[in-house]
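S.K.: So the protein sequences, as listed, match chains A and B.
In terms of our numbering, the numbers along the first sequence are unbroken and rise by one, the last being 359.
In terms of our numbering, the numbers along the second sequence are unbroken and rise by one, the last being 326.
Since the hints were derived computationally from the structure, they do not count as laboratory data.
Among the hints, erroneous ones may be present.
Cβ-to-Cβ under 8 Å is the rule here; a few derived chain B residues that face chain A [stated by the list, open to error]:
| id | residue |
| --- | --- |
| 1 | Leu76 |
| 2 | Thr79 |
| 3 | Gln92 |
| 4 | Thr158 |
| 5 | Asn257 |
| 6 | Ala297 |
| 7 | Gly300 |
| 8 | Leu304 |
| 9 | Thr320 |
Derived lysine to any residue pairs resembling SDA-like cross-links, with alpha carbons at most 25 Å apart [said to hold, decoys possible]:
| id | chain 1 | residue 1 | chain 2 | residue 2 |
| --- | --- | --- | --- | --- |
| 10 | B | Lys313 | A | Leu145 |
| 11 | B | Lys56 | A | Pro267 |
| 12 | B | Lys56 | A | Trp258 |
| 13 | B | Lys147 | B | Gly128 |
Where is the CB? At the ideal position from N, CA and C, for every residue including glycine.
So the chains spell out like this:
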Amino acid sequence: MAPSTRAAAEDDSAAHQAAAHQAAARPAAKPLTDTSATPGPRGLRSRLHRFDVRASPYVFVAPFFLCFAAFGLFPLVWTGWLSLHRVDLLDPDAMSWLGLDNYARLLDADRGEQFRNALGNTVTIGVLSTVPQLLMALGLAHLLNYRLRGRGFLRVAVLAPYATSIAAATLVFVQLFNPDYGLVNWFLSLVGVRPDWYADTWPAQIAISTVVTWRWTGYNALIYLAAMQSVPKDLYEAASLDGASRWQQFTRVTVPSIRPTILFTAVVSTIGATQLFGEPLLFGGGVGVSGGSAHQYQTLALYMYELGWPSRQLGRAAAVAWSMLLILLLIGAVQYLIARRNRAPQEG
Amino acid sequence: MAATAPTGPAVPTAPTPAGPAAPPPPRRRFRPGAGDQDKAGPLAYLLLGLAAVVSLFPLYWTFVAASSTGERVAQSPPPLVPGGELWHNVSTAWEQAELGKALLNSTVVAGCVALSTVLFATLAGFAFAKLRFRGRNALLTLVVATMTVPPQLSVIPLYRIITDLGWGNQLQAVILPSLVAAFGVFFMRQFLLEALPTELVEAARVDGAHSLRIIWHVVFPVARPAMAVLGMLVFVQSWNDFFWPFVVLTQQNPTVQVALSAIGGGSGHDINQAVVMTGALVGTLPLLLVFAVLGKHIVGGITAGAVKS
């Protein structure tokens, strides 16, 4: 019994659990196999069993954490280290220490201009794509939640854009938004407007946001739909008895009930918007990396890539990358606070 | 646990009530609005029809452009019915980019990533859902937290690791960093938490089954529908992944997305836009076909278990 007492003495919750399992196992196992008669093998087997019970959870979660450590965390820290140096892409071993200079440069009035431009573009494109996307998804989910004919088809139809890639979707929309012969301008010219979706800042940003919105609205709608289906029906019945209109039921019952899901999608979309890369790159065609002739839709990710690869300045690119993380943390904190503030009146 | 994927999402009859103790009231159909108003009105059909058109039209138009000549695509107003140049364009696109190789590469990459993600996510999800061990909650929080870290932050050192290993331009450079996904772990945990009765695991333990046996004979059979959905989602995501393959692969050994970026990257007026659209069509068609066949199950999977966060 030595191993067992030692295990218990460790005050290890896993050990307790193993013991509990053993205790549970004994009465049930007894009638089946006469364990008391053969103490030798049983001792070994139960020790193996205990080890198995204690170790297997860690074995099961290990692949995730090993992979994350190797390909996520370690590079993340390394990026932080690189951001404090001057590093050339072609000679990455020759690093020279700069301290926080790469970051100071981003904040510098003159030298940080392109960074601030990219930051501003990321924010505007992010808002232009995320907000309409989630609002439309919410409305779509509400409609899909009705009793419908052809519901299966409609659901697959709104999800279809999710199957397209960034590259394919962007290339198609580049055509549709072509200022000269694109379908969008052909339509708009009927009402006398012909925006230049490539060269002008706002039209270009709207066009890029459209690609993002088109690809993700249906996906988010289905996630909302899933959440809406688990809202208790009694709530609607009660609201209906209280004389709430359908719109009031939507705003007072549906939306508050799925608030955690809305927060989840908001966080995920924000993270996605912060990383926008392929859409602006491919939207620009040949000048891709610069994000338009005047950087009018260069995002942070694109700027990072331009610094790191075409310009070969890995240290500065790393500083931009870490700035992205800091910005994300900031946005996350704000979203968390908003979520908490919104929840407070409900509980009080 | 809402009805799981393969049996079809078709009729979302009343999802099981939240508490296991609550007796299931007799209901025939799920009723979203209140009372008798739960049928969609004409306005709902109009809006949903509009949404379906907006969703599908760009896909249809890709086909129109891909089957036209370059001049036809560039006329105003643009064509709205397919032309007869599809095969010619396909062969041109095939010559301009390594599309055949790209399709094969994407299949290999997405297949490997999906298989390994599903396997590891099921193991970890099971552990987080049904096993008790020290540090479980802290580790689970860590898993969720890793979802918020943009992969682009790791790209620069990752690029060095890969080139130091001599894997630049090789498929394993794309596969390895994606072997696991926090989303997958979370997804499987949420599913198994409800779908797998704890008693089942304990009973297997009592019978003396070791962990691998339990995984094989208890967890996998129960988790199979969620594994299928997760596999599909990861496959789609990996197939469509752009940034990292773009950084680490070249046009000699591309995935579909990297090949597409080369066809479309030239831009300007010198390239045949019909051929660009053909490339987009070829790169999207495999997934669209999968969606056409399995769409209901994928939708069902997303609506059934995806996010009960």
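S.K.: Determine for every hint whether it applies to the structure shown.
M.R.: Hint check results:
1. The interface hint given for Leu76(B) holds, since its Cβ lies 6 Å from the closest Cβ of chain A, which is under the 8 Å cut-off.
2. For Thr79(B), the interface hint holds, since its Cβ comes within 8 Å of a Cβ in chain A; the closest pair sits about 5 Å apart.
3. Of the supplied interface hints, the one on Gln92(B) holds, with its beta-carbon coming within about 6 Å of a beta-carbon of chain A, less than 8 Å.
4. With its C-beta approaching chain A no nearer than about 13 Å, Thr158(B) sits outside the 8 Å limit, and its interface hint is violated.
5. For Asn257(B), the suggested interface contact is upheld, since its CB lies about 4 Å from the closest CB of chain A, less than 8 Å.
6. The closest approach between the C-beta of Ala297(B) and any C-beta of chain A is roughly 4 Å, which is under the 8 Å cut-off, so the hint is satisfied.
7. Of the supplied interface hints, the one on Gly300(B) holds, with its beta-carbon coming within about 5 Å of a beta-carbon of chain A, less than 8 Å.
8. Because the closest C-beta pair between Leu304(B) and chain A is about 4 Å apart, less than 8 Å, the hint holds.
9. Satisfaction of the interface hint for Thr320(B) is found here, the shortest Cβ-Cβ separation to chain A being roughly 4 Å, below the 8 Å cut-off.
10. The straight-line distance between the Cα atoms of Lys313(B) and Leu145(A) is roughly 22 Å, inside the 25 Å bound, and the hint therefore holds.
11. With a C-alpha separation of about 23 Å, the suggested pairing of Lys56(B) with Pro267(A) holds against the 25 Å cut-off.
12. Annotation: proposed proximity of Lys56(B) to Trp258(A) holds, straight-line Cα distance about 15 Å (limit 25 Å).
13. Taking the CA atoms of Lys147(B) and Gly128(B), the gap is near 28 Å; set against the 25 Å cutoff, the hint is violated.
Checked against the numbered hints given earlier, this structure breaks hints 4, 13; the rest are met.
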